[in-house]
Amino acid sequence: MTTVDVIDRGAFANLLAMTGDDEAFIDELVDVYGEDGEHQVASLRAAVVSDDTGTLVIAAHSLKTNSANMGALGVAELCGELEADGRAGSVVDARARVETIAARFKDARAALLALRGRG
Amino acid sequence: MSGGRVLVVDDERMNRMLLRRPIEAAGHEVVEAMNGREALDRLRDAPVDVVLLDLVMPEMDGYETLAAIKADPALAHLPVIVVSGVDELASVVRCIEIGATDYLTKPFEVSILRARLEASLAGKRVRDLELEYLEQVSRVTGAARALEEGVFDPASLEAVTARDDALGLLARRFASMADQIRVREEQLRREVRELRIEIDQVRQAQRVAAITDTDFFRDLRSRAGDLRREVRGDGTGAEG
Numbered sequence: 002m003t004t005v006d007v008i009d010r011g012a013f014a015n016l017l018a019m020t021g022d023d024e025a026f027i028d029e030l031v032d033v034y035g036e037d038g039e040h041q042v043a044s045l046r047a048a049v050v051s052d053d054t055g056t057l058v059i060a061a062h063s064l065k066t067n068s069a070n071m072g073a074l075g076v077a078e079l080c081g082e083l084e085a086d087g088r089a090g091s092v093v094d095a096r097a098r099v100e101t102i103a104a105r106f107k108d109a110r111a112a113l114l115a116l117r118g119r120g
Numbered sequence: 002m003s004g005g006r007v008l009v010v011d012d013e014r015m016n017r018m019l020l021r022r023p024i025e026a027a028g029h030e031v032v033e034a035m036n037g038r039e040a041l042d043r044l045r046d047a048p049v050d051v052v053l054l055d056l057v058m059p060e061m062d063g064y065e066t067l068a069a070i071k072a073d074p075a076l077a078h079l080p081v082i083v084v085s086g087v088d089e090l091a092s093v094v095r096c097i098e099i100g101a102t103d104y105l106t107k108p109f110e111v112s113i114l115r116a117r118l119e120a121s122l123a124g125k126r127v128r129d130l131e132l133e134y135l136e137q138v139s140r141v142t143g144a145a146r147a148l149e150e151g152v153f154d155p156a157s158l159e160a161v162t163a164r165d166d167a168l169g170l171l172a173r174r175f176a177s178m179a180d181q182i183r184v185r186e187e188q189l190r191r192e193v194r195e196l197r198i199e200i201d202q203v204r205q206a207q208r209v210a211a212i213t214d215t216d217f218f219r220d221l222r223s224r225a226g227d228l229r230r231e232v233r234g235d236g237t238g239a240e241g
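Protein chains in written order, with my numbering: chain U, 2 to 120; chain P, 2 to 241.
Chain U with its partners taken away, still in its complex shape (with noise of 0.2 Å):
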């Protein structure tokens, strides 16, 4: 999958605007989604092994909200949908979606990351 089909680039174009195309900012954050979004997908896992609606919610919710700042929409569009369906009470395959969700994760941080040259 190419960087282009992860990352949406008018996503990432409003990003750069949001900060003033300030690149040392966009790599800190580039950090932060990685590092926090390896906890949400920790998080995730952990939910649904122990079967805990809530966390799961909030976890998703985190990792939407993040991916959809950094222009990750493919990983913002599945964890919304899980958010949505935590928030109706009816999960389904939820191991399968959140292990689709942690390859996605996975793509978009290195996307990211080749994006800010470090790949």
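Worth flagging that the hints you see were computed from the coordinates, not collected in a lab.
Backbone N, C-alpha and C define an ideal beta-carbon position, used for all residues, glycine too.
Mixed in with the good hints there might be a few duds.
Okay, the calculated beta carbon distance ranges per label pair [claimed, not checked]:
#1 P/25 x U/37: 18 to 24 Å
#2 P/47 x U/96: 43 to 49 Å
#3 U/37 x P/171: 57 to 63 Å
#4 U/50 x P/26: 42 to 48 Å
#5 P/94 x U/51: 31 to 37 Å
#6 P/60 x U/100: 54 to 60 Å
#7 U/37 x P/129: 34 to 40 Å
#8 P/77 x U/22: 38 to 44 Å
#9 U/97 x P/71: 24 to 30 Å
Once you have looked at the hints, place chain P on chain U.
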């Protein structure tokens, strides 16, 4: 105009970073909280002008936090802008019904955030000026009451007399009249004191006269005169 103090409430580090940056660039101070409980602690620690509030947070979510802010008379007037990844209409309606000033969805446009933040800060400043005005009006009415009770302290009006508006003029006139009344009262008291002294002197003179204007006193004086003459040796009575 000096910057405002903005409380950013969000459990996500990235969101706090993204919010902090444009707010500080606009000249405002940022205070952070990671959930509703922390936000309420911060609000009670020191004054804040605007709250930017996330909704989905652990510990205490944004809806509960917003309701707690609006239920506290000391905080209810604070503008609260919800900045959330929840973009459902029901959530927007719920927040506005609880008392939110505005609702922004993430990812937000910096220009929209700035515009709404500045509008909220302007509203807060107007509200603060109104509160200060009402407080100073109550100082003037309190001063009138205090004057009637004889306990007026000119220092209580100092902040109001410094105002450059009609209320300041009223307070200055009031303070000036109160000062004139004080001077007249002091003068009257002095005159009363002097009159009392005069009355006491007249009374004393009357008491002396009441004693000296009697036949008995005149007889005593006559005898005393006789005795003095005898002592000086110019009389005859004492030797005979």
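Against the structure, the hints:
Taking the beta carbon of each, residue 25 of chain P and residue 37 of chain U are about 21 Å apart, inside 18 to 24 Å as hinted. A hinted range of 43 to 49 Å holds for the C-beta pair residue 47 of chain P and residue 96 of chain U, which are about 46 Å apart. Between residue 37 of chain U and residue 171 of chain P the Cβ separation comes to about 58 Å, which falls inside the hinted range of 57 to 63 Å. The beta-carbon spacing between residue 50 of chain U and residue 26 of chain P, approximately 43 Å, falls within the hinted interval of 42 to 48 Å.
A beta carbon spacing of about 33 Å between residue 94 of chain P and residue 51 of chain U agrees with the range 31 to 37 Å that was offered as a hint. Between residue 60 of chain P and residue 100 of chain U the beta carbon distance is about 28 Å. The supplied range of 54 to 60 Å is therefore violated. Taking 34 to 40 Å as the suggested C-beta distance range, the pair residue 37 of chain U and residue 129 of chain P conforms, at roughly 37 Å. Between residue 77 of chain P and residue 22 of chain U the Cβ separation comes to about 40 Å, which falls inside the hinted range of 38 to 44 Å.
A C-beta distance of roughly 42 Å is found between residue 97 of chain U and residue 71 of chain P, which places it outside the suggested range of 24 to 30 Å.
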